[in-house]
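> Line by line, the protein sequences give chains C and R. Using my numbering, the first residue of the first sequence is number 638, and each one after it goes up by one. Using my numbering, the first residue of the second sequence is number 638, and each one after it goes up by one.
Honestly, the hints are just simulated from the structure, not real lab data. Model, not experiment: these values are computed from the prediction. Heads up, some of the hints might be wrong.
Stated by the list, open to error - The calculated lysine to aspartate or glutamate pairs, modelled on EDC-like cross-linking and capped at a C-alpha distance of 16 Å, are: (1) C:K664 - C:D750; (2) R:K936 - C:D731; (3) R:K709 - C:D913; (4) C:K639 - C:E726; (5) R:K936 - C:D865; (6) R:K936 - C:E707; (7) C:K709 - R:D913; (8) R:K743 - R:E732; (9) R:K936 - C:E732; (10) R:K892 - R:E948; (11) C:K656 - C:E668; (12) C:K765 - C:D865; (13) R:K877 - R:D786; (14) R:K788 - R:D880; (15) R:K788 - R:E875; (16) C:K743 - R:D940; (17) C:K664 - C:D751; (18) R:K936 - C:E668; (19) R:K743 - C:D940; (20) R:K765 - R:D880; (21) R:K936 - C:D713.
Stated by the list, open to error - Pulled from the structure, derived: some chain C residues nowhere near chain R, Cβ distances all over 12 Å: (22) G702; (23) L744; (24) I757; (25) T867; (26) F878; (27) I881; (28) Q953; (29) E969; (30) E971; (31) I994; (32) V1000.
All residues carry an ideal CB built from backbone N, CA and C; glycine is no exception.
There are 2 protein chains.
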Amino acid sequence: MKITCSKNDLYNGLQIVQKAIPSKTTKDILECVLIDASSNELHLTANDMELGIETIVSAKIEEHGRVCLESKTFIDMIRNLPDDQVSIETNPRDEARIDCLNVHFKLPGRSGDDFPYLPIIPRNEPIKISQFTLREIIQQTIFSISETDVKRVLNGELIEINGNKLRISSLDGHRISIRNIELKDSYDESSVIIPGKSLNEIARILNGSLEDMVYIYLTENHVIFDFDQTTVITRLIEGKFFDINRMLSDDYETKVVINRRDLMGSINRAILLINDSDKKPLIWNVHDQSFEMHLSSTKGNFDEELFIVKEGRDIQIAFNPRFIADVLRVVEDENITIYLLSPSTPCFIRDDAKNYIYVVLPVNFKS
Amino acid sequence: MKITCSKNDLYNGLQIVQKAIPSKTTKDILECVLIDASSNELHLTANDMELGIETIVSAKIEEHGRVCLESKTFIDMIRNLPDDQVSIETNPRDEARIDCLNVHFKLPGRSGDDFPYLPIIPRNEPIKISQFTLREIIQQTIFSISETDVKRVLNGELIEINGNKLRISSLDGHRISIRNIELKDSYDESSVIIPGKSLNEIARILNGSLEDMVYIYLTENHVIFDFDQTTVITRLIEGKFFDINRMLSDDYETKVVINRRDLMGSINRAILLINDSDKKPLIWNVHDQSFEMHLSSTKGNFDEELFIVKEGRDIQIAFNPRFIADVLRVVEDENITIYLLSPSTPCFIRDDAKNYIYVVLPVNFKS
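Next comes chain C alone, as it looks inside the complex:
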């Protein structure tokens, strides 16, 4: 193999595919990036067997071939080269010689044949969504997936398509996060559970705007994301997700409108007094126009009062403040609306159009 390309194009491509390099693995080959010039294009690929990423880098192919290089050293090396043309040439022992101006590296490599290629999956009709929107709705919901739950479905997010509507949901035992968006086109009804880890990495690669599209192909066992020069394939999580609709309700006894930044500042202050070993609840006392918060731990006491607009009954209710803080961080509205029913039923934070719905279970407390 012999190829020449610009250092920056190569480095950008490597940064994309390295998201699929596992941080820990017993299989050495998965720590490699595949540099594949078998065709007339230069493909870079990484694959941790759940998530695979392939991207095309514009290059001059002088001699076809492919090689696997240990990703960490190779990527560090490319980053530290001068901003100029880089050439990579392999010998029959799979050693790669990398030349850039007066800099010459030689790295041991492995045969490209050893690399676990991405599965070849026939593409059906894609779902089109903007890169910006997909990144946003992932980041706005992914914090409430369960990372350790034995129920594997909770380690992923549920994506449901119905006509021109897309809903993304995640839940752990304490809260639910939902975003609803409208797609430009309409599609058949379908739903998949995508591993949270894969969605996290995809959100990090997507840096396009509202105009740049992602094409999503849902298949039986995989989902494919095509965008720019990049293809991401992830396995799906098998199983049946919880019936989220059954957990949602429009009933409430108390409706509170509150400035989001003020509430967030206040909750961040309360969190300072929480010990990891001794989880104390944040108590809300909701009266007309006043919203008193109280938290007490071995570290000290916290009290703060905020101005609110309230409808309905007074209520006293308590939460794990970190769960409320997670919601406030991903909502962008100036004011948010909180719906409360009783001290033992979930609170709902949602907008009128239900573009977002966040559900948080309260905790017991002694008043």
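Place chain R on chain C using the hints.
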């Protein structure tokens, strides 16, 4: 005690004194900051028994007194308050009530009497130096102190005053770093060894310009730094420093002038191939006009050639590349001059005026 001050003044003061909070200690009281309003000024103090820092915050003292508060929670709390006036009031049980607008905290405290006060040391004639210069010369030499050496003197830097000359030096078993500066005034001859840890923290607090002065008082067992509203006291290291003058020499057989950034880029590339377990030398082959570098490890091979101006004999010599990189990072000249004598004698990197002198021992290699 009852005081009122601005949140930002208080927070800035806390950021200064927290540099003397030990990260690990068996004495709880050292994790506290002393808030002392015994006089008509508000003093904040922290003291890890080697380094002590005290700073004055402008405040309204409504009731004299003092209290010790656990620094981490207290500083986090002040940082998270609204930007407004903060009042701190203690009760006879040393609990502190902190109020800022509608936010109210109560923290458990300890009696100010328990705090290890800074030693009271009579001040003699101070040495005057600009904050900017002191910060610079510390940062330009501190990297070569020995952090683990059993010889305690090597854990510190030697500061020598002679007339209007100040020299700061550090050395470990492999290299020496020296900066020489001229002071505005002249002083009696004296020298002290200051713990590296203290100098590091002082360099982090000093953010003044060339016009802002530090007043340094050298005493038998301590050195005091007075600047702005802050006093830093550190214990000195006892013992006799190595005779650095004996290690310096102006002899050379080869003199190389090289672009500093080019050499730094090259050495950073070579370092990528170094394993922590398998320290390979960077070999320099110095010929007329050409400077070839080579490093070979289990990770791969590196070769690069740089353009130089050379006087004297050709030479082949090898170094730990990290030691050369440390020097290049703290020199600001566009070109540096390297003086070499033989493959087994130290290399000198210095300017003509000897404002800086860096000495690095070579390592053995097979050519």
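> Checking each numbered hint in turn, tell me which of them this model violates, lowest number first.
5, 20 and 23
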